[in-house]
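Trainee: Sequence:
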Amino acid sequence: MSESAVVATAIRTRGLTKHFGTTIAVADLDLTVTPGEVFGFPGPNGAGKSTTIRLLLGLIRPSSGSAEIFGEPAADVRRAHRHLAYVPAGVALWPTHPPAALARRVRRPADRARHRRAHPPRPHHLTHHRPE
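For the numbering used here, count along the sequence shown from 1 and bump the result up by 84.
Everything labelled a hint here was simulated from the structure, so no lab data went into it.
It cannot be assumed that every hint is accurate.
[Claimed, not checked] Ranges of calculated distance between the beta carbons of each label pair, as one might list FRET restraints:
no., residue 1, residue 2, range
1, Ala131, Arg200, 36 to 46 Å
2, Ala159, Ala197, 47 to 57 Å
3, Ile144, Arg166, 36 to 46 Å
4, His203, Asp112, 47 to 57 Å
None of the values given here were measured: they were computed from a predicted structure.
C-beta: ideal position from N, C-alpha, C; glycine also.
Please put together the full structure from these sequences, using the hints given.
Mentor: Shown next, in the form of structure tokens:
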């Protein structure tokens, strides 16, 4: 798929199923989320919310079915992750910052490149850098 192609769906699953032994964690999930749509996974513990997210992230493989992120197979982690960000429950990122400030910290690749061009490193930044 080309970068300029318009994708009608942000997330699409078809028959997405995950078994852990004899336990069915996600059963035959058909889901379509359009770009810009806000979608949540409400439900009690053990309902398959986290498993579904992990399937969408390509962190675990489905037992059957498929998932796509902006037209990319979720199983192709590198390509799908260009469109994803994930913060698991219980993780505190800069707890003193309001959510809007956190959102501004997350930049798209084009925004990061623009920022680097506008703010190139000065020589003293390079002399004080220690390789990790």
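Trainee: All hints, please: hold or fail.
Mentor: Evaluation of the provided hints:
{"no.": "1", "hint": "Ala131 to Arg200: 36 to 46 Å", "result": "holds (42 Å)"}
{"no.": "2", "hint": "Ala159 to Ala197: 47 to 57 Å", "result": "violated (28 Å)"}
{"no.": "3", "hint": "Ile144 to Arg166: 36 to 46 Å", "result": "violated (20 Å)"}
{"no.": "4", "hint": "His203 to Asp112: 47 to 57 Å", "result": "holds (49 Å)"}
The structure fails to meet hints 2 and 3 from the earlier list, while all remaining hints are met.
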